[in-house]
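**Student:** Chain residues, written in single-letter form:
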Amino acid sequence: MIPALGRFVEALRGEGVAVSPAELLDATRAVEAIGLEDRARFRAALATTLAKGRRQREVFERLFESFFAPPPGPGKGKGTRPGSSAGEGAPRRRAQGGSSGARSRPRADEPRPRARADERRPERKVRAMVEEVRAARRVGRLRVVRVEPRAGETKGPEAGLRCDPGKRDLKRPMTGDEERELAREVPKLVERIRLRSGRRFRASRSGRLSPRRLFRENVASGGVPFVLPLRRPKPRRPRVVLLVDVSFSVARSAGYFLLMAAEFLRIGRDARVIAFVDRPVDATRAVRRWLARGRGAAPQVRAPAARPRRRGRRPGEGIAGPRGSFADLLDSLRGLNLDAPSDYGRALHGLLRSELRPRGRDTILVVLGDGRTNRLDPLPWTLEEIARQVRALLWLVPEPEEQWGTGDSALAHYLPFVDVAVEARDLAGLARGLTEIVRRL
Amino acid sequence: MSTPAALTPEAIESAFAERGFVCTGEVATTLYLADVLGKPVLLEGPPGVGKTEIAKLSAAIHDAELVRLQCYEGLDEAKALYEWSYGKQMLYVQLLREKTAELLAPSADLRSALAVLKSHGDEFFSRDFLLPRPLLQAITSERPVVLLVDEVDRADEEFEAFLLEVLSDYQVSVPELGTIRAKHRPRVVLTSNDTRELSDALRRRCLYLYLDYPSFEDEIRIVESRVPGIGATLAQRLVRFAQSLRKAELRKSPGIAEVVDWALALVAVGADSLSPAVLGRTLGALLKNREDVDRVLAEPSRFRA
Chain A
1 MIPALGRFVE ALRGEGVAVS PAELLDATRA VEAIGLEDRA RFRAALATTL
51 AKGRRQREVF ERLFESFFAP PPGPGKGKGT RPGSSAGEGA PRRRAQGGSS
101 GARSRPRADE PRPRARADER RPERKVRAMV EEVRAARRVG RLRVVRVEPR
151 AGETKGPEAG LRCDPGKRDL KRPMTGDEER ELAREVPKLV ERIRLRSGRR
201 FRASRSGRLS PRRLFRENVA SGGVPFVLPL RRPKPRRPRV VLLVDVSFSV
251 ARSAGYFLLM AAEFLRIGRD ARVIAFVDRP VDATRAVRRW LARGRGAAPQ
301 VRAPAARPRR RGRRPGEGIA GPRGSFADLL DSLRGLNLDA PSDYGRALHG
351 LLRSELRPRG RDTILVVLGD GRTNRLDPLP WTLEEIARQV RALLWLVPEP
401 EEQWGTGDSA LAHYLPFVDV AVEARDLAGL ARGLTEIVRR L
Chain B
1 MSTPAALTPE AIESAFAERG FVCTGEVATT LYLADVLGKP VLLEGPPGVG
51 KTEIAKLSAA IHDAELVRLQ CYEGLDEAKA LYEWSYGKQM LYVQLLREKT
101 AELLAPSADL RSALAVLKSH GDEFFSRDFL LPRPLLQAIT SERPVVLLVD
151 EVDRADEEFE AFLLEVLSDY QVSVPELGTI RAKHRPRVVL TSNDTRELSD
201 ALRRRCLYLY LDYPSFEDEI RIVESRVPGI GATLAQRLVR FAQSLRKAEL
251 RKSPGIAEVV DWALALVAVG ADSLSPAVLG RTLGALLKNR EDVDRVLAEP
301 SRFRA
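First to last, the sequence lines map onto chains A and B. Okay, so the first sequence: first residue is 1 according to the working numbering, each after it adds one. Okay, so the second sequence: first residue is 1 according to the working numbering, each after it adds one.
Honestly, the hints are just simulated from the structure, not real lab data. Beta carbons are placed, not taken as given, at the ideal position from N, Cα and C, and that holds for glycine. Do not rely on the hints blindly, as some may be mistaken.
[To be verified] Computed footprint of chain B on chain A, listed as stretches where at least three residues anywhere in the stretch have a Cβ under 8 Å from a Cβ of chain B:
1) 247-259
2) 285-292
[Said to hold, decoys possible] Cβ-Cβ distance ranges computed for the label pairs, FRET-style:
3) A:Glu37 / B:Trp84: 24 to 34 Å
4) A:Arg232 / B:Leu164: 32 to 42 Å
5) A:Leu441 / B:Glu10: 51 to 61 Å
6) A:Arg199 / B:Ser85: 17 to 27 Å
7) B:Pro175 / A:Leu441: 42 to 52 Å
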């Protein structure tokens, strides 16, 4: 019994369920007490000793089915023979690769969302997807925010080209010049949000006086207080965590978004920026340096030295901060592999396990990304776990709503845990998302 | 410390059924394993699915005393474990004043008086002046005990850590009295409404069971066992109605107890269908929030499918 159970536990650990040795012992004793005759009891015994939470239970159910297959005939299965206590093969094992712990492509017995046949008929696929999101909306507390086209405006990418630059689809290929042209729209949008929110975002000249600094800074004037220094705010946990997908297709949206967000959030103090393609990287300092204004002495964004440059055009070359382009910023981030396939599951799992993990009851997590995770396991429980520890979870999707969750997008798995999802495929959409964030500050 | 004798899962199931509680195999297996492995059981789930009831029935079928510790924010050791009865101590000191004077009369100086007091000093910190709170009650009880730690997620994290210490070896040390060991190992049931993430350490030491709302068939069985006079059609209709309410986003979803109450109310008013008039009169038994009631009464047909 022990080897089979050991492999099962190993597989659970591979899926992120931390089973302790003590729990494995409990499970062994439980199975000894319950026996192997009754599959339901066997399952209950393992579940109660190994899966200590709802999402652990989900993983457990999935793996249990593939590890301990039901006996073929009524009571004739090799494993259900009464008294086969030493049965290494007692519960039949089916999954061979389960114990490797590696996260590979989803298994064949795992239910894929919707049938493949749908993919040949896009309109049905979209409908199925919308149904799924609707279902999510009903159980989860999802609010979807869209920027509605104004009266008389035609929708679609072609129409977007001709009219308002704020409506240009950011996912379409663009040259550096086109990017620069769009970047000029950013200040207008920023100003609009600022006006609408009716709030002041620069530090004000009011607050509590700092007595110690008052004396020190007015020594020169013989103690006559010409300067009234205020207390500096204490460092605190970031109130907003921006988790941005910077893979090829989304990088441009990420660049514009950060450019706008920096106008409202003090990156490094109020906000933390985490970039990811397949694993999370803290980009807070790099982004702050990229956007640092004034005092010309600040260094340029570090040029990529050791890393071979990405081939072809890089998105974000035309999005210039005061210190170089967004593409340069991305190249300078250490630990970020821009050529890797996007892997949301792994990135979220890494975030959950790292000290960067957003938490706190006044923390807002903002995810920017399309959820296209290359058919790798989306591990939606990681987001659920993270969402539980923050005040609100906003997701900006740089795609039209009709495409959410289609193809390799795992958005349908994530949306149930999201409070607000914003359709942000253009600058106007990004600005709309930012409004949602600012409203919650 | 004696270990309680374990009932088999089948025996637990049938004993629960005798008392009108429809118990799934999973619940029975977990309770049985808790006895065999000597572990606390952690029951988690939405309010109103019978978590507390399981602990109560577990006490009943094992012929044990139920000691309940209701957790809340700010619960501390003094309120959970023991306290010295300060009032009683003061009263005794007052009443015994003359006796003390008599005792101290022969001693010539302060030092010898202190020595005399010292030799009697422990009298006021004996078990007579100890106020046992639920945890100590459970440990010192002469009879087998089921200790129900209800809504443990409401207590603070410090208390959770303290609970771990007590539950690991069922002993308590009182500085003045020494260590008190349990005579019978209590069966411990913890419940949580999942409002706060419990620590991994606590989860690890417990057997875990997530109780969800019952399936359609199970809920009909529950209603029929609790409300004898109810017709099969009405039971089906009301359970379907209640289950569709749970899927809708209400402020407070109806638990099993509320469904049973509602069934009793429907039988009491002699209803045989869920007409809007009947709903208007009885819905208060099922939904405990005015907005919810208004919403459902506005379009009851939405929930009947």
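**Student:** If a hint holds in the structure, say so; if it does not, say that too.
**Tutor:** Hints versus structure:
| no. | hint | verdict |
| --- | --- | --- |
| 1 | 247-259 | violated (count 0) |
| 2 | 285-292 | violated (count 0) |
| 3 | A:Glu37 / B:Trp84: 24 to 34 Å | violated, 54 Å |
| 4 | A:Arg232 / B:Leu164: 32 to 42 Å | holds, 41 Å |
| 5 | A:Leu441 / B:Glu10: 51 to 61 Å | holds, 58 Å |
| 6 | A:Arg199 / B:Ser85: 17 to 27 Å | violated, 57 Å |
| 7 | B:Pro175 / A:Leu441: 42 to 52 Å | holds, 50 Å |
Hint check: violations occur at hints 1, 2, 3 and 6; the rest are consistent with the structure.
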